[in-house]
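**Student:** From first to last, the protein sequence lines stand for chains W and X.
Residue numbers for the first sequence follow our numbering, beginning at 1 and rising by one.
Residue numbers for the second sequence follow our numbering, beginning at 1001 and rising by one.
By construction, these hints were calculated from the structure, which means they are not laboratory data.
From a predicted model like this one, the values you see are computed outputs, not experimental measurements.
Don't take each hint at face value.
Heads up, incomplete: computed chain X residues facing chain W, CB under 7 Å, no partners named [as the list claims (entries may be wrong)]:
{"id": "1", "residue": "H1104"}
{"id": "2", "residue": "F1107"}
{"id": "3", "residue": "V1108"}
{"id": "4", "residue": "P1109"}
{"id": "5", "residue": "G1188"}
{"id": "6", "residue": "G1189"}
{"id": "7", "residue": "H1253"}
{"id": "8", "residue": "L1257"}
{"id": "9", "residue": "L1264"}
{"id": "10", "residue": "E1267"}
{"id": "11", "residue": "T1269"}
{"id": "12", "residue": "K1272"}
{"id": "13", "residue": "R1338"}
{"id": "14", "residue": "L1340"}
{"id": "15", "residue": "S1368"}
Built from N, CA and C at the ideal position, the CB exists for glycine as well.
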Amino acid sequence: MDDLKDKSIHLTAQMISEEIRQMPMYRGFYNEVQKLVSSSCVSNSNFRPSLLNAMRQTGLEVELRNTVFHWLRAHPGPQGRSSSAAVIGSKEPILFLKKAQAQWEKRIQKSLTSMCTELNQVLSKCRAGSDKDEMTEKWTELSTYDIDLSQYRPVYAPKDFLDVLLWIRSPNHRSLDGEGSWDFSQIPLKVKTLSELKSLFQEIARGEPLLGVNPNMPAQNNLYQNLEAERIALGEKVIAGNHAPVAQEFLKRGCPKCLRGKIWAQVLGSQVKEEHVQHFEELKLFVLQYDMIVDKLLIKDVQLTASNDDQYFVFEDVLYQIMLCFSRDTEVLKIFNNSSSTPVTGLLKGKNPSFENSIVFPPSGVIPFHGFSMYATPFCYMYDEPINLYFTFRAFYMRYCFRLHEVSSHEQGILSLCLLFERMLQRHEPTLWTHFKQINIQPVKVVFKWLMRGFSGHLPPDQLLDLWDVVLGYDSLEIFPILAVAILSFRKENILDVDTLQNIEAVLADLSSLSVVALLQLSLMKDSI
Amino acid sequence: MRVAFCTDLEKSVLVSNFEKRGWIQVGPDEDWNFYWAGTITCRNIFSVDSGYRMNDFQAINHFPNHYELTRKDLLIKNIKRYRKELEREGSPLAERSETGRYLHLDFVPITFILPADYNMFVEEYRKSPLSTWIMKPCGKSQGAGIFLINRLSKLKKWSRESKTPFNPAIAKESYVISRYIDNPLLIGGKKFDLRLYVLVTSFRPLKAYLFKLGFCRFCTVKYDAAVQELDNMFAHLTNVSVQRHGGEYNSMHGGKLSVQNLRLYLESTRGKSVTERLFANISWLIVHSLRAVASVMASDRHCFECYGYDIIIDSKLKPWLIEVNASPSLTSTTVSDRILKYKLISNILSIVLPPDGMPDVRWNKTPSAEALGNFELLLDEDLAAQDDAGPSSSSSHGSARYGRPSNRQIIRKSGWQVAVRVVSTRKRGNLVLRCVTPEATRTSDVSRYCSSFFVLWQRKS
């Protein structure tokens, strides 16, 4: 048994070292190591220990460790996935979900195609010279880039996607008199119970002092004036250490605002290096070079959401840059390695329909929906420079957000989150659950837009960033349904007073007075039944 | 007894607040207890000719000569006088740098009153030609009549056109000309100013409160300091009344961003200490603008006033006082604006009225910590004086509660708990800067006050 374990570690190590050689960071890293070897700190007679020691001292070792950490996170081993998936070798083990996702993709493709026909547009073409000049000139103030978008509509809205989810039927489920159409209970996915969630979100559930609850509570160490000062001092050490897993651990008890940009970039491995600058510049060139229908959809989306939002309107111009570059970024395609979805493809002009002649559209493989840009908006408060903003947003999207708009059985997928929400509400807020049942409103309808957008645009930015600290710290989206239930239970009295969807939405429209982390702690500290 | 209110402004944020308190509306000629008046009404009531004498149970929302603070030219006059007085007294507050700038009181852009100070202006202008200056008529508001100039010839041209020769005797309208802040802090490439609300319930002793829910007003057009853009007022003036006429005005957010969000942005992108210094400097600026007029203001006990402070932050995070409004707009442009203004009025009422809710000039105007709502105390000279009298009354258990007893003491005073901290970093010569704030029920408030308010200078003997 031990033998086998040794062997598997050896194999993994071999695989990782091969992978690293393919990475963009490798060249720079290798150069640094070579420089180190030729320096006086490494001696010939004592080569190995002296090299390792020198690597430790120059921070190269930490860089290597971080690279391995990020690689492992992006490539979940067999234990991360359900075993059946590994056996079948498919991205989505449950057939009827796979089908549902495929159908959904077909619908998206169809509506995109029909939009093209209707508006007499092609998916992609070279940008006309005059247009290119205008865009180049207005790159930093694209709000003044004047194109007529009145005919463009978002391809779909969260509501459409929810309808798709609600129509999913498990073939193994036999409905008893309409049962199963009201909630997700018929979908056979395992979700965590409250006590499992408590052990996942340990620090919160144990009632440890969290920065988001009150930054001014006394510090644990008397040296510091308050918790915030203590966290800042600790956080600065974490940043200096530059160790991704440590930074992740740090986030669990809340991140001081002034350090968040750096800490998040460490956790997500999105610190901007030379190769990133070049990459971002290329993306910009691709935007200027090609005129794509997604450009209009993205610009329209920013106009419809962020530009009208009193929290985010000031960042309108930078958002256009970010979203347009994102659509051109083929790095994003990596999400399809561990997602249930496949990107939409378009056919090259004048070619026969075949695999070789079709290309992924858009280059990133992601078709925006109404509110898509809200995944990027919170980052505007963290970074002044578009490039820093871009890479952290991209990393966050590629780790988390893509799961919020696809049908999959993944435990972080939107379906599991909806199910988790329902189970928790039913189990821990039975009065509310019954009330919803009586007025015949599916509770998930009320919270779906929160879940799908990860609450972005629904909470004030400082509260939202506190929430996303938790997502990154525990590497889990399950905090969203927990918060959704906590909010409903916090506003319970008011919800019980009303009986239409419209009025419930009115009760929940303004979340600006909530203290998110305090609410989370409250609900995770509840005694489990 | 129910409070009878009267108002010149039928704004819903006002009337709904009054009605919520169960007040009854009466006309200006009837017996009222609480009058939300226009500035002119207020001046009439206090004028000798009116023959009106207020009784003890009346309150009104303006000081009779508020224009000492709110007229652009008088504000400048008062600040200049205040600095000179302090300088004469040898106060370290009036300390100057080698180039003659005030170190601690340099919070208004260099300003001259035209036509009176024309020669002084020319002298200053010649020191840095090609600089940009902003002309504002003293008596107008909402951005009317404002323009930018960067050449003396343009000023001369203007004076010819407006047919008001620089003869103080004939000139009807006076202008102020101020050094234009041409390096404003930009967010998303756009310029903004801060609108903060400051409530004063008394000038002698000075009692002032700052509303925490201020906002930033953004220009709709990208800021461009280039000369050819000087005429594009949409990039330069942040007034909502100006921006509204721009094609880009958005009625969903009205170009307004909350101060909390500004703080989040600055703390995240610039760091915590510089952000805290900025907000401390803003409080400093407000307190000293009020102290500058305190001696000339008719501090009638019936009066209180809520001022709209307009502040611009430059790219080095230094705040500049632009002007003060006596009747900040109570019109709500958006939903969140309405919520904010409703809270503003509600909080003002609970501060200016004694606990029983009926105006009474005999009340000592010391509201409880709970009554402050979203306001925080900037300065209360009554409390500061009490504090001066007995620093020995600091209770040791209080200091233990908040840690670091070496630089903070908690002093309990009649109905108030006052947190005092000696901020050693601000020590200058034989001076110690002390911070006086109300202690609130929560620890959080105390340390926030402590870190941001330096309001009382005290000479160490």
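**Student:** Could you run down the list of hints and mark each one as holding or not?
**Tutor:** Each hint, compared with the structure:
no., hint, in the structure
1, H1104, "25 Å, violated"
2, F1107, "25 Å, violated"
3, V1108, "26 Å, violated"
4, P1109, "24 Å, violated"
5, G1188, "4 Å, holds"
6, G1189, "6 Å, holds"
7, H1253, "4 Å, holds"
8, L1257, "6 Å, holds"
9, L1264, "5 Å, holds"
10, E1267, "4 Å, holds"
11, T1269, "5 Å, holds"
12, K1272, "4 Å, holds"
13, R1338, "12 Å, violated"
14, L1340, "11 Å, violated"
15, S1368, "21 Å, violated"
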